[in-house]
Structures are given as C-alpha cells and as structure tokens.
Amino acid sequence: MTLRVQYCILVIKVTALKKLTLTEPELVLALQSKDSTVLKTLYSMYSSALYGVISRIITHTELAEDVLQETFVKIWQSAEHYDNSKGRLFTWMMNIARNLSIDKLRSKDFKNSLKNQDIENNVSFVDEQNKVTFNPDVLGIKQLVENLKPDLQAVLDLVYYKGYTHVEAAEKLNLPLGTVKTRIRLAIIELRRSFN
Amino acid sequence: MENLKAYIESGVLELYVLGDLSPEETLQVKELASQHQEIRDELAAIEYAMEEFAMQNAVQPPADVETKLFQKLGINIEEETSAVADLPLQAEPKIARLDHSDGKVIRLRYALVACVALLLMSTAALFVTYSKLTDAHDQIASLNLDKEKFAGVVSKLEYSNQGLNNLVEMSESKDWATIKMQGQAISPQSKMNVYWNKKDKRVVINYLAIDLPKADAQHEYQLWALVNGKPVSLGVFGKTDSTSREALLKMQTIQKAQAFAVTLEPMGGSVNPTMEKLTVMGGV
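Keeping their order, the protein sequence lines are chains A and B.
Per numbering that gives the first Met the number 0, the first sequence runs over residues 0 to 195.
Per numbering that gives the first Met the number 0, the second sequence runs over residues 0 to 283.
So that you can see chain A by itself, here it is in the shape it has in the complex (with noise of 0.2 Å):
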C-alpha cells in the first residue's frame, strides 16, 4: 500500500519534472514499477558515464553504441532482480555494462568485425585495441590516473579500461593474484582522496 502511495507520488515528480534527475530509490521504485518515462530519465541521467566505461573497453564505436544499448536493454529487462542491499544502482549498471562490454569483446561478432577490417586499415584498428585513447573531456581524471605509480596505473589500466578479470592481469602482468588485488585497491584508495 504505502509502496503504491509510494508510486503514486513519484509518477506525478516523474511528470512535472520529466527528464529532471531523481534520487537513487525514486529511479529504482519507478524502474521496478515498469514506468517507462523513467528509462528516458535513467537515460539522460546515466546514458554518458556507462558509454565512457563501455567506449574503454571497446574502442569500436558501433559495437560500443550496441553495448550502449543492450545495457539499457537489460537494465528495463532485469530491473526486477535489483536488489539496493547488494549495493549501489550504479555499481549494479556499471557491472552490467562491463560484463556486457566484456562479453562483447570476447565474442564471435567482435572477432568478425576484426577480421572484416581492411587490410590498410587494420595497423590502425589493432594499435587502437591496444592503447589508451586520450578523449580530450576527460584528460584532468587522465592526468589523475597518470600520477598513480606506474604499477598501480597498469594494473587500474587492464582492469577498469581493458575490461580483464584481476586473474587475467595477474597473468599478464605475472604477479601474484594477491599483489594484483592489492594494487587494485591501492589505486582506488588514490581515486578516492582526489574525490573527498
């Protein structure tokens, strides 16, 4: 009852604020109640922040719009399963988003599109699977990044823009699981001070 009161109260904000942001559990009660005005709220609120970890990980703007839009696809589709004690809606997103990216890159459609590149292109096309691109909006968290020591900034690198499990790092970089995990938290210990 007091849920639908709730409801009842949020469609009106939702409908005199339209794309205006809501607090957390406002989006999580109208995404769970199948609004769909919401999505378009969840959309603007959200759409840029998922496309930058998405577009990091995958580097190929068609296949990153995709996996843009399959995001938001199961986040309409599986809004039910959100549960605010696991954590954050964002986190519960972003991971959507990652593994979807993850997903992606590890598929038969990305390995297509690989080989289907042109000859001329494909120098190109691999050095950029292979760095870093520097998007000019972003370069003062770049520059954050970059003051991390080195081997943090090359652990954060794989992890959080290559999309790699921290088992994968590890053997990438042939450190131990424990020392990866360590320098995981180390360099969001630093991204935190620089946000406090």
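Don't read these hints as lab results, they were simulated from the structure.
None of the values given here were measured: they were computed from a predicted structure.
Just so you know, even glycine gets a beta-carbon here, dropped at the ideal spot from N, CA and C.
Warning: the hint list may mix true and false statements.
[To be verified] To spell it out: a stretch of chain A is covered by chain B in this simulated footprint if at least three of its residues, at any positions, have a beta carbon under 8 Å from a beta carbon of chain B; those stretches are:
{"id": "1", "region": "42–55"}
{"id": "2", "region": "88–102"}
{"id": "3", "region": "147–156"}
{"id": "4", "region": "164–178"}
Place chain B on chain A using the hints.
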C-alpha cells in the same frame, strides 16, 4: 577485528564492486557486509569513488542510440507523457450558474438588437412617407388650381348660358322692347341692347348683349334715358368683362323715354352726361 581489517585491505571489496568475483566470494562479501558496518561503509566509499570516476570519464553517446533504444523497447515516451498530461484536463470543473441570469442577458441582448432594427426601419419608413406626403401636397395644390380654373370656366359658361336664356326669353316675350343702340362718333363699332318692359317700365341690360370698348380704372359707363329732350340717369354699370353671377343687370325704371344712350363717365357717374363721351345711342 584484525581479520576484518585484513579482509578489507585484501582488495576483495574493490573486486566485488567491479563485479570480478566468483559467485561464492560474492556471497561471502554480502554476508559479511550484512554483519559489519565497516564493510558496508567501505563498500559505499568504493562504489561512490567508482561512480564518480565513471561520471567524470563520461562520454556523450550519439543521439540516435537513444532513439534506437526506445524503438527497440517499443516505448513511445511522448505518447506516455502526453497521456498523463491529459488527465487533469478531463478533470477540469464545469461551472454551472445557480441563477439563470445568463439566459436573461442573452434574451435582453436579442431584444436590444430587435429594437435597434425596428428603429432603423421606422425611420426609413417615416422618410418615405414624408416624401410621399410632400408629393401629395403638391398634387393637391395643382388639382386645386385646376379645380379653380374649371370652376371659373363653369361659372362663365353658366353666366353665358343664363344671359343667352334671358335674351331668348326677352326677345320672345311681347312685354319687353329691345332697343338697339348704335356706335357714335368716338366708337362707331360699339353696339349695345337695352331691354325695357312696357308694363312695369323696368329697364334691364344684358352683359352678353354689350359690345363696348373696355373702360379704364377711373371710368365707367352710365346709361341715360332721353325724356322729352332731357337726359335722365338710369345708373352705372361695370365693365363688360365682369364676372358677376348675373348676366342681367337691373337699371332704374323709367316711365317714358324717347331714346337711350350710354356715355363714359368718371367712377360713380355724373349728374349730366358728358356728350363728348357718348358711346352708343338708340331711339325707342
């Protein structure tokens, strides 16, 4: 507690937030988080940092991705929002007046319009009638003029008719003697008759039987009887074109007379005739 700190520092919570743990490990983190505030706080801080990091590394996707997405989901955002927006419109209250002054006002308005229309029509009709009346007056005036003319003609005709009848009567009667007077030196063309009753000695002239020159305004004709060489006035008579009702004019009676004459005298007549102005004369 030491274990908890070591657990936090192992970096497993970061991997949990990044979704990089096995299902068993994930379950373990959830359990510990439900038991320990420290873990919940640490998780919240990591999540916040990652969200902030993602927000600051945001990249605007192309606009058509959104369009495609909503098409794929079969959601028409515009329709849904407008459907919600329409609701309050339907609920708009209808205002019903308790008195019926609305109807009255409308009726009065119609009445006002009708009055103005009637006024205009009346004014127009009045002008038409007025101009017709003026025409009628003109016609009446001209008819009156005609009528007077005809009346004049009729009276003239009656007068002539009466005069002629009398002439016929007198000439047929044996009692009346007709004395024809001839024109004299000043007016040889003139002629006039005098009728004299032998029984009662009345003297009558008939305007229809007078043919004298027109007298001017200061003069009139005077009839004389010559009795034993002496002139006796029998009275004056008007102009020959007189329009008096009677064609016959009684003059003074005379017992005896040898002749009758007419002279032109000043207005009112004279005691003795002006012989130079002797116009006509005739013996009995």
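Please flag the earlier hints that this structure goes against, numbers listed from lowest up. Hint 3 alone not satisfied by this model.
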